[in-house]
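Each chain, letter by letter, is given below.
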Amino acid sequence: MTDTAPPAKLPAAAIYALTIERFRGITSLKWKPSRGVNVILGGGDVGKTTILEAIALLLSPVNPTTLSDPDYHDRDIEAGFSIEAVLSLPAGAGMSGQMKPSWPWEWTGEEAAVPALEHDGKLAGEPVYRVRVRGTEDLELAYEIVQPDGSTDSFPVALRRAIGLVRLSGDDRNDRDLRLVQGSALDRLLSDKGLRSRMASELAKNDVKNELTTEAQTKLKNLDTTFQRESLPAGLDLVITGGQGASIASMIGLTADRSGIQLPLASWGAGTRRLSALAIAEQNQGDAPITLVDEVERGLEPYRQRTLIEKLQTGSSQVFLTTHSPAAISSAATSLIWYVDHTGQIGPLDVTKIAKHRKTDPEAFLSRLAIIAEGATELGFTTAILERAFDSVLEQHGVHVSDGGGHEATLGILEALAAGGLQFGGFADDEGKHPTRWAKLHTKLGKLLFRWPSLCIEENIIAVVPDDKLQAFITDPIGEKTGIRLRTLADRLGIADKDFAALKAKAGADFKARIVEAAVGTVPTGKESDKNEYKAHAGRWFKSVDGGRELAGKLFSLALWPALKPQLLPFCNAARTAIGLTEIADLDG
Amino acid sequence: MSDASVHTALRSDAPLVLVEAPAGCGKTHQGADYACDVAADRSNRLLILTHTHAACSVFAERTRGSGSRVEIRTIDSLIAHIATAYHLGLGLPADVPTWARRTPDGYRHVALRVAALLKRHPMIATALAKRYPVVICDEHQDCSGDQHALGMAMLDQGARLRVFADPVQRIFKEAPLAGSNPAHDWATLAKQAHAFEQLDTPHRWRSGCPDLGRWTLLARTALKNGGKIDLRNNIPASVSVVVAENQARRNMEYQLAPTDRRAIDAFTRSHASLLVLTRYNETARSLRAFFNRRLPLWEGHTRSALEKLVDAITAGNADCPKLAAAVVTFMNDIGKGFSPSAFGDRFEKEVREGCTTRSRGKPATIQELARFLLAEPDHRGVAKLLARLAELKQGDADFADIEMDHSREFWEAVRLGNFEDLEAGLAEITHRRAYGRPKPPDAAISTIHKAKGLECGNVVVMPCDSTTFPDREDARCLLYVAISRAKERLMLVVSRADPSPLFQL
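Protein sequence lines, in the order shown, are assigned to chains F and Y.
Position 107 of the first sequence, counted from 1, bears residue number 107 in UniProt numbering, the numbering being contiguous throughout.
Position 119 of the second sequence, counted from 1, bears residue number 119 in UniProt numbering, the numbering being contiguous throughout.
Simulated from the structure, these hints should not be mistaken for laboratory data.
Don't take each hint at face value.
[As the list claims (entries may be wrong)] Simulated restraints on C-beta separations:
id: 1; chain 1: Y; residue 1: Ala424; chain 2: F; residue 2: Met99; range: 25 to 35 Å
id: 2; chain 1: F; residue 1: Ala142; chain 2: Y; residue 2: Ala390; range: 44 to 54 Å
id: 3; chain 1: F; residue 1: Ala142; chain 2: Y; residue 2: Ser273; range: 50 to 60 Å
id: 4; chain 1: F; residue 1: Ser151; chain 2: Y; residue 2: Ala424; range: 10 to 20 Å
id: 5; chain 1: Y; residue 1: Ala315; chain 2: F; residue 2: Asp76; range: 44 to 54 Å
id: 6; chain 1: Y; residue 1: Glu428; chain 2: F; residue 2: Thr241; range: 46 to 56 Å
id: 7; chain 1: Y; residue 1: Gly436; chain 2: F; residue 2: Ala142; range: 31 to 41 Å
id: 8; chain 1: F; residue 1: Glu126; chain 2: Y; residue 2: Glu428; range: 33 to 43 Å
id: 9; chain 1: F; residue 1: Thr152; chain 2: Y; residue 2: Thr302; range: 44 to 54 Å
[To be verified] A short list of chain Y residues far from chain F (calculated; beta carbon distances all over 12 Å):
id: 10; residue: Leu47
id: 11; residue: Glu71
id: 12; residue: Val114
id: 13; residue: Ser341
id: 14; residue: Tyr435
Because the structure is a prediction, the values reported are computed rather than measured.
Note that the Cβ used here is the ideal one computed from N, Cα and C, for glycine as well.
Kindly produce the complete structure, drawing on both the sequences and the hints.
Laid out in structure tokens, this is it:
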């Protein structure tokens, strides 16, 4: 009856939901990661690594001893912190071996719910367990399994070790998985429980005393005499022995042959060390431990990053991976991409909607605050305006302005980002299309989304240029494009002369309108056969990143800023606030 | 040899093994032995489900040394444990055991809901089966349908179930609650089992009276097959049959003419280890008088009068007359003599009127009792009153006729006064009783229900008439439970005037 073969591969342990409260830089975070590979993107200091560290602490295979106030958000120790996960556990993961029975919750797809009698014909959800670690006000850690009745049992080391966690941390000095440290991948793989005591007795045979200098031996002898006199234990000797903290076993590390010499694996490069640690973890039979990889690019050339990510993607482990590497992002084709925004919230990036953008400008997903500008002009313009608002280059603040690639594409990207509950910035025109979709975005992003009240950037700016400054407006500061711009006007007005005065006289009251048409590349009626020629006019004016910068510069050089300040200043301040700067009353001219 | 085949079957890979286990045939030995073998492998954990705390203690003793790998609990406590963990989903309060104790049929309602929960969420049974890959069900004949469903749910999720039962000892039968699972049928279950074995060696009598053991098994077969116990032929010397006709006027009471009772008196006086077994509570109390209160009543583990008293005190909510009425009811539930005519009416009147009339003698003493209630109209006042009543029974001639037949229950009511909180006090006392495993006195009167699981050198079953043992399934089971308690000598007190159809006289 019972000779059915065991399933080839047990379902792996996985975190279905993670809740972090007041841990380090994270105020509050709720996240439902995917069961496969989770690639976490975001700018510096937004909490990506903290998320990994929170998982590492929760599933720590040892009892971490040290907590300090920076582990508590705002150093508020009294408020405590808590890291809680809803875990799906394979049958063999040790939950049934607990001293007291632990009871499964029901996973509804959204949360862990108390299984109830009532149901609406739906299938019962799969079993999950709620585990958490709390930092108490006494700077101690409380590991707990939360039962469906709200009571808690201990979440012991043995169970955490059985769940298994592999951590390739970004810490260069860390080689714990290549040593026999308790709970390390190597320790779990060899799982030779008697080794410690055998090593201890073996090492005790070493004659340390005779290695001492004569002088030192005399001192030891004198100490023995003193001990005898004071009725302390006497007959002193020196022996290698484990102490508090480092155990003897933790001194044992993996070595490998390098040109005929056995060298500690720890002496290889960071990348090799990390790949070795992962290989050790994989060796644990049938084991698919939850894997944390901080900064996957560390020590790995792009081809090894790609190999590693592909390997993780084909495995059955749940993986949490952070990266700043465009190569890593582009190879994470079947992973779920997450983005941590500047508010510390984590949200999914819809791969299909951002695929193109991920390729053309992966930097957008590696910044603290990304602003998607509608096109090249807007990119240049926004960058220049924000540089004034921050009084520095944007990289310094982790702010990245990205070209959305047109009105429709920008709307699509912004919507994809907003769907993940993320805070992004946007800078776009009002082409009168999709009013409800834009309105939705506005309520989500607030003032971080800038849109001209109507029409496009050129039209809005030209509208506030006084007539006596039009010539200066047309003039290219570096002198390259002035002539060609005048030429486009002359073509449109149908005259040969491209002298400013002549053009102005010919256009009359419509001069500004003609300038706008040339700047945006409007195709005049009746000239459809030459439409490409007319469209190209825009590029000669401001339709480029530099053109956008030029427009921004002219706001100030031509004193146009006061007229546009009421619209643009709130956007600048929203961006400042987003990265933790105070609001300002005005931009410096 | 059935012992050997049971031994083998238990250790087989078969998911469901059934063992039919007549009384005294080494069921506990087989179960405990198997449990120790399973637990010898340190990676195993095993669950033993019993129906009584007494059975838990026996298994605990026999599996000592296996540590925490053998978990022994009553099936009700496991069900209450599951219900506590999932109380939010079951619509129950957080403290399920207290709710179950305080609600009519509480435990059965809990079992009903837990059975439904396990059906809806097999993952809970999976968790149980993973934790307890082997489950021994003891005395499975006493399982309700919902309790049985728990075992089956674990079997379905991969646990190995080892079921011991004696269908002829099935004496706890209650009409199922609406919506609950029907009780299992042993024959049907036997067909479903991967192995079915029967124990048939009467080990209990090996050191005492092997003849009695063999005869008891034969009697069991007769009762099981719908036949009669033959009292005419082949009766071993250890079985004596006494013919005696009940003279009592009142239903359920018992009284004999002096000539009829001589043999019974001689039997009960000559044996230090003795159980007088009867079917009904009323008859048991009447037998106490019959034996001139020489033999105490075995109160077993239930305390219905005490729970009734606690309910009444809670409901009375410091209303003195209501508390007084509850005290009178309690005293008459657990004994006699504190009757309305002798004490009760006067006592309630004094409480009602606040002890205002000037009195002397017995009425004054009754007033003294009433003042305890007036001063402290709660369980503490009741406790002080009862303690004083016990003193008066000893020292005051007016009170000498009061009898506390259920003396343990009486003193537990007194002990409740030591607790600040009544509910917590009852829980604590119940808990102590469950784990303190009170043992019956060497010689005692007991109902058959309360004697289940006990064994004793000498047993009198009385009366064996048609009221007590009609030709019904439950009566057959009760009769078998009663006769199988005796290890050395058995006395059956039969009637010719009103003969039980289960005997051939």
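Verification of the hints:
For the pair Ala424(Y) and Met99(F), the supplied restraint of 25 to 35 Å holds, since their beta-carbon distance comes to about 26 Å. For the pair Ala142(F) and Ala390(Y), the supplied restraint of 44 to 54 Å holds, since their beta-carbon distance comes to about 50 Å. Distance hint for Ala142(F) and Ser273(Y): a CB-CB separation of about 55 Å, consistent with the stated range 50 to 60 Å. As the Cβ distance of Ser151(F) to Ala424(Y) is approximately 19 Å, the hint placing it in 10 to 20 Å holds.
As the Cβ distance of Ala315(Y) to Asp76(F) is approximately 49 Å, the hint placing it in 44 to 54 Å holds. A hinted range of 46 to 56 Å holds for the C-beta pair Glu428(Y) and Thr241(F), which are about 50 Å apart. In this structure, Gly436(Y) and Ala142(F) meet the distance hint of 31 to 41 Å, their C-beta atoms being roughly 35 Å apart. For the pair Glu126(F) and Glu428(Y), the supplied restraint of 33 to 43 Å holds, since their beta-carbon distance comes to about 40 Å.
As the Cβ distance of Thr152(F) to Thr302(Y) is approximately 34 Å, the hint placing it in 44 to 54 Å is violated. Consistency note on Leu47(Y): stated as away from chain F, yet its beta-carbon is not over 12 Å from all of that chain's, at 10 Å minimum. Under the 12 Å C-beta cut-off, the non-interface status given to Glu71(Y) relative to chain F is violated; the minimum distance is some 9 Å. Under the 12 Å C-beta cut-off, the non-interface status given to Val114(Y) relative to chain F is violated; the minimum distance is some 10 Å.
Once the 12 Å rule is applied to beta carbons, Ser341(Y) is consistent with being away from chain F; the minimum gap is 51 Å. No beta-carbon of chain F comes within 12 Å of the beta-carbon of Tyr435(Y); the shortest separation is about 18 Å.
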